[in-house]
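Based on the provided sequences and hints, a complete structural model is requested.
Going down the list, the protein sequences come from chains Y and D. First residue of the first sequence? That's 1 in our numbering, and the numbers climb one at a time after it. First residue of the second sequence? That's 1 in our numbering, and the numbers climb one at a time after it.
Treat the hints as calculated values from the structure; they're not laboratory data. Take the hints with a grain of salt, since some may be wrong.
[Said to hold, decoys possible] Derived pair list, reagent style DSSO-like, types lysine-lysine, alpha-carbon separation capped at 27 Å: (1) D/K259 to D/K161; (2) D/K78 to Y/K345; (3) Y/K377 to D/K132; (4) D/K132 to D/K277; (5) D/K5 to D/K259; (6) Y/K380 to D/K82; (7) D/K248 to D/K277; (8) D/K5 to Y/K377; (9) D/K355 to Y/K380; (10) D/K82 to Y/K356; (11) D/K259 to Y/K345; (12) Y/K377 to Y/K94.
[As the list claims (entries may be wrong)] Partial list, computed: chain D residues near chain Y (C-beta under 10 Å): (13) V43; (14) P52; (15) V53; (16) N83; (17) S144; (18) Y285; (19) P287; (20) I295; (21) V480; (22) A483; (23) K486.
For each residue, glycine too, the CB sits at the ideal point set by N, CA and C.
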Amino acid sequence: MSRTQLTASQLLDQLHRGEVTAEAVADDFLRAIGDRNTLLQAFLHVDEDDILQQARQVDTRRRRSEPLGPLAGLPVAIKDVICTKGQPTTAGSKILANFRPPYDAHVVERLRAADAILLGKTNCDEFAMGSSNENSAYGPARNPWDPSRIPGGSSGGSAVAVAACLAPLALGTDTGGSVRQPAALCGIVGLKPSYGRVSRYGVLAYGSSLDQVGPMSHDVRDCALLLEAIAGHDPRDATCVDHPVPRYAQRLDEPFASLTIGLPREFFAEGLSSEVEQAVRAAVEVYRGHGATIREVSLPHSKYALATYYLVATAEASSNLARYDGAHFGHRSTDHRGLIDMYCKSRGQGFGAEVKRRVMLGTYALSSGYRDAYYLKALKVRRLIRDDFDRAFAECDVLLGPTSPTVAFSLGERVSDPLAMYLADIYTISGNLAGLCGISIPCGFSASGLPIGLQLLAAPLEEEKLLRVARLYERATDWHLRRPSLPS
Amino acid sequence: MNTQKYHIVVGLEVHVQLLTRTKLFCGCGTVFGAAPNSQTCPVCLGLPGSLPVMNRRAFELGLRAALALNCSIARFTKWDRKNYYYPDLPKNYQISQYDLPLGSEGWLEINTSQGIKRIGIIRCHLEEDAGKMLHDERGTGRDSLVDLNRTGTPLLEIVSKPELSSPEEARLYLEEMRLLMRELGVSDCEMQEGSLRCDANVNIRIPQAEGGGVLATPIVEIKNLNSFRFLEQAVRYEAQRQYEQWQKDPGYLLGKVSKATAGWDEASGRTVFQRRKEEAADYRYFPDPDLIPVIVDDAWLERIRGELGELPSAMRKRLGTQYGLSEYDVGVLMSLGRQTVAYFEETARVCQDAKAAVNWITNQVQATLKDRGGDLAELPLSAQRLGELIAKQKELGLNKQTAQAVYDKMLHEDLEVAAAIEALQIRVVTDTNAVVELVRAAIAANPKAVADYKKGKTAAANVLKGAVMRQTKGSVRADVVEAVLKEELERG
Numbered sequence: 001m002s003r004t005q006l007t008a009s010q011l012l013d014q015l016h017r018g019e020v021t022a023e024a025v026a027d028d029f030l031r032a033i034g035d036r037n038t039l040l041q042a043f044l045h046v047d048e049d050d051i052l053q054q055a056r057q058v059d060t061r062r063r064r065s066e067p068l069g070p071l072a073g074l075p076v077a078i079k080d081v082i083c084t085k086g087q088p089t090t091a092g093s094k095i096l097a098n099f100r101p102p103y104d105a106h107v108v109e110r111l112r113a114a115d116a117i118l119l120g121k122t123n124c125d126e127f128a129m130g131s132s133n134e135n136s137a138y139g140p141a142r143n144p145w146d147p148s149r150i151p152g153g154s155s156g157g158s159a160v161a162v163a164a165c166l167a168p169l170a171l172g173t174d175t176g177g178s179v180r181q182p183a184a185l186c187g188i189v190g191l192k193p194s195y196g197r198v199s200r201y202g203v204l205a206y207g208s209s210l211d212q213v214g215p216m217s218h219d220v221r222d223c224a225l226l227l228e229a230i231a232g233h234d235p236r237d238a239t240c241v242d243h244p245v246p247r248y249a250q251r252l253d254e255p256f257a258s259l260t261i262g263l264p265r266e267f268f269a270e271g272l273s274s275e276v277e278q279a280v281r282a283a284v285e286v287y288r289g290h291g292a293t294i295r296e297v298s299l300p301h302s303k304y305a306l307a308t309y310y311l312v313a314t315a316e317a318s319s320n321l322a323r324y325d326g327a328h329f330g331h332r333s334t335d336h337r338g339l340i341d342m343y344c345k346s347r348g349q350g351f352g353a354e355v356k357r358r359v360m361l362g363t364y365a366l367s368s369g370y371r372d373a374y375y376l377k378a379l380k381v382r383r384l385i386r387d388d389f390d391r392a393f394a395e396c397d398v399l400l401g402p403t404s405p406t407v408a409f410s411l412g413e414r415v416s417d418p419l420a421m422y423l424a425d426i427y428t429i430s431g432n433l434a435g436l437c438g439i440s441i442p443c444g445f446s447a448s449g450l451p452i453g454l455q456l457l458a459a460p461l462e463e464e465k466l467l468r469v470a471r472l473y474e475r476a477t478d479w480h481l482r483r484p485s486l487p488s
Numbered sequence: 001m002n003t004q005k006y007h008i009v010v011g012l013e014v015h016v017q018l019l020t021r022t023k024l025f026c027g028c029g030t031v032f033g034a035a036p037n038s039q040t041c042p043v044c045l046g047l048p049g050s051l052p053v054m055n056r057r058a059f060e061l062g063l064r065a066a067l068a069l070n071c072s073i074a075r076f077t078k079w080d081r082k083n084y085y086y087p088d089l090p091k092n093y094q095i096s097q098y099d100l101p102l103g104s105e106g107w108l109e110i111n112t113s114q115g116i117k118r119i120g121i122i123r124c125h126l127e128e129d130a131g132k133m134l135h136d137e138r139g140t141g142r143d144s145l146v147d148l149n150r151t152g153t154p155l156l157e158i159v160s161k162p163e164l165s166s167p168e169e170a171r172l173y174l175e176e177m178r179l180l181m182r183e184l185g186v187s188d189c190e191m192q193e194g195s196l197r198c199d200a201n202v203n204i205r206i207p208q209a210e211g212g213g214v215l216a217t218p219i220v221e222i223k224n225l226n227s228f229r230f231l232e233q234a235v236r237y238e239a240q241r242q243y244e245q246w247q248k249d250p251g252y253l254l255g256k257v258s259k260a261t262a263g264w265d266e267a268s269g270r271t272v273f274q275r276r277k278e279e280a281a282d283y284r285y286f287p288d289p290d291l292i293p294v295i296v297d298d299a300w301l302e303r304i305r306g307e308l309g310e311l312p313s314a315m316r317k318r319l320g321t322q323y324g325l326s327e328y329d330v331g332v333l334m335s336l337g338r339q340t341v342a343y344f345e346e347t348a349r350v351c352q353d354a355k356a357a358v359n360w361i362t363n364q365v366q367a368t369l370k371d372r373g374g375d376l377a378e379l380p381l382s383a384q385r386l387g388e389l390i391a392k393q394k395e396l397g398l399n400k401q402t403a404q405a406v407y408d409k410m411l412h413e414d415l416e417v418a419a420a421i422e423a424l425q426i427r428v429v430t431d432t433n434a435v436v437e438l439v440r441a442a443i444a445a446n447p448k449a450v451a452d453y454k455k456g457k458t459a460a461a462n463v464l465k466g467a468v469m470r471q472t473k474g475s476v477r478a479d480v481v482e483a484v485l486k487e488e489l490e491r492g
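This is how it looks when you write it as structure tokens:
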């Protein structure tokens, strides 16, 4: 087994025992990227010299027996909507093709403090808007299990990087399922933390009240490790909660005295592929076999989740993306006449079709005369969706269902049908609307060999419980050990 | 009966820049006049991924102002985004307060020639300032520049009801607002530096002949009036302009013609039409998801209330009743600031003559401060000593020049009043016999004045009095000399 196929925990052990240097680890991953990125397009930017230098510094400090952070020497890939100082941060958009932020995002600072190696910037749907990675201005990342298929989105590049063993860990962002859905479609673990668990400072905003940065990894332990490194209070984000961060990885294998798992009726409804349903139902039996109480619950307002999401997220996006106007940074058209024309041309040239569609949707939803009927109504429905979950969590520890209604679809299959595309997030978006934490873990494969993801949701700030429940399943199965075989 | 051709209706929108060390949503400084774009950071530059965090101090200054303006305070408020594109606003939205302003339904009292008038305040809310555009004004089509130092500076917007009914009242309101905001430490209100800005909404009501009711002209908003004088001039000009326009065009009426904005051209002394607001701009307000709501609990509110001190309107009333001062004297004193009022109160307490204390403070003390520079705290002459000087002047009947000399001596040599009088060798003759001698000598030396007096020219007595005073270098009490002189002349 090649070193790049190891989990982050295994690599950390080897690094810690001195069996391998950080430089050798970085070199292995850089070679893997060199071999496969042309096909998979997982990374948009890799600065080899910078990466090797980071690794050598860790090695030097380890040789001198200096104290090192918990992720010392471990490469982590970063979604390209997360600011890295002096490095390109394009958000998968042409409008930021030449943008290099003068500062690191909070999560990047935390990774540096943990002595992780920042491996490069991963491909994503433009401004995190999309479910297939096809909205990237730089071409879509491809699913390593079948490169003719989409990897999911918007954190598609991060999912591909981990799944294809180009990185042991990656950060994604999840506004409506953008960590969990590509994790499911690529056969890895992806966690969306509770809203406020991780600072958004330095993360290019899409839907500010929904966005969270989340870890992506081969298994639950790795996911816990990375979450531990990035979670916690940051005074620069007013929505970031000041709540202690548990040592998630430590208690993973603790058994449950009792465990009640809820199955939302609405998550097993029309539109769910039978292969996915079978795999998820099989997972339920695994839990039952471990003594869990299984209970059917109802989330009656979840049928409005998609509509609510596409009003709230787009309304916020229409305002968040107003700053990309060519005046102060980013792309500016060269042939404009006057200020308004500069705005129109710079944005018209810089943004892709889906970004324009969502900015227009959001602008409309906030416009006078429509605001009450759309935006304000959506806020009310959002509250009802949250109430549904509160009731469910009063009697269940976690909720269980599929992450995505289908396995990975083919590139180009849904690009002309935005509504079909939006349905890819039908099971994940309500978790964002309610501020919950959620995780997707591998739970099987389709007949065509494509991964299937199991979604678990827990109440806000219950990440520790969520990870333990996920780990319980993982211990009983071996889906997470599989790696795609790719031409090298 | 009112014979005016029209009545003026004015409402003011005032923006005051809060006296915070840092901006409303980031840690950048707020010093005026720094090198362009030197006081900026990713947050106020609106760089991707940056997030705002509320400056609590700014919110507290806003609360202080709202309480002083007698507003009801929103116990739950939030921040909203006002969306519009302009290069001085790098995020292309302004963080403001839309439907839940921190203060609403208050008032400010102004002192008009007809007495105290209460002007309603509709609302006051906090918002971030925009930057400054520097356009190429030579018309050579060069690029415009933008300075973002001011971007994100905290502003308090205070909107009055349209209850100001003359140009003078508009000016008085703005003056009173400035006094209040300065007294509270909310803002330095430097109009030249833009820390106090004012827009005036003006229209007129034209009474019609018997049974014809009242007509109203469309509202014109005069933007960015940056002095009290310009405000007064602009309102007066605009009101008359509207009247004349209505005379030419009877269709120029509120509801028929939409609201317009205008600027004030100080060179020509005219308002200059800018644009008509056909429909309200759609700012697509919505709650800023990056900021959390602000909850104002009782403890917080009480603490702010405790910091307020005596408000100018209360102080104005108290100074009038407690010391029997005229409105004019109170106005002058208060315009000199809270420190001067305190100095006055101490002086008056010591000398027990408020009127004399006001006169000394507004004349000699102000002249001294003007000469020396600095403020009252640095003046070597304490209120206690000034009070003693005034008391002594009265007790000894010192004339103005002598008292001034004592004042100067006290000031320059840091002396108590007794020591200064001693040092100046002022001997005050209080012995009436000695005065009688002096008066008789003067009568003997000035037969012509005596003769004149006897012919009925009583003013001639002043010649005699002057002679006595000169001879004694003012060390006798003028009232004693007068009394003795009268007695001696009558007798002779």
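Against the structure, the hints:
no., hint, in the structure
1, D/K259 to D/K161, "holds (17 Å)"
2, D/K78 to Y/K345, "violated (34 Å)"
3, Y/K377 to D/K132, "violated (38 Å)"
4, D/K132 to D/K277, "holds (23 Å)"
5, D/K5 to D/K259, "holds (22 Å)"
6, Y/K380 to D/K82, "holds (21 Å)"
7, D/K248 to D/K277, "holds (22 Å)"
8, D/K5 to Y/K377, "violated (51 Å)"
9, D/K355 to Y/K380, "violated (65 Å)"
10, D/K82 to Y/K356, "holds (20 Å)"
11, D/K259 to Y/K345, "violated (32 Å)"
12, Y/K377 to Y/K94, "violated (34 Å)"
13, V43, "holds (8 Å)"
14, P52, "holds (7 Å)"
15, V53, "holds (5 Å)"
16, N83, "holds (5 Å)"
17, S144, "holds (8 Å)"
18, Y285, "holds (8 Å)"
19, P287, "holds (9 Å)"
20, I295, "violated (13 Å)"
21, V480, "violated (76 Å)"
22, A483, "violated (79 Å)"
23, K486, "violated (83 Å)"
Of the numbered hints given earlier, the model fails hints 2, 3, 8, 9, 11, 12, 20, 21, 22 and 23; all others are met.
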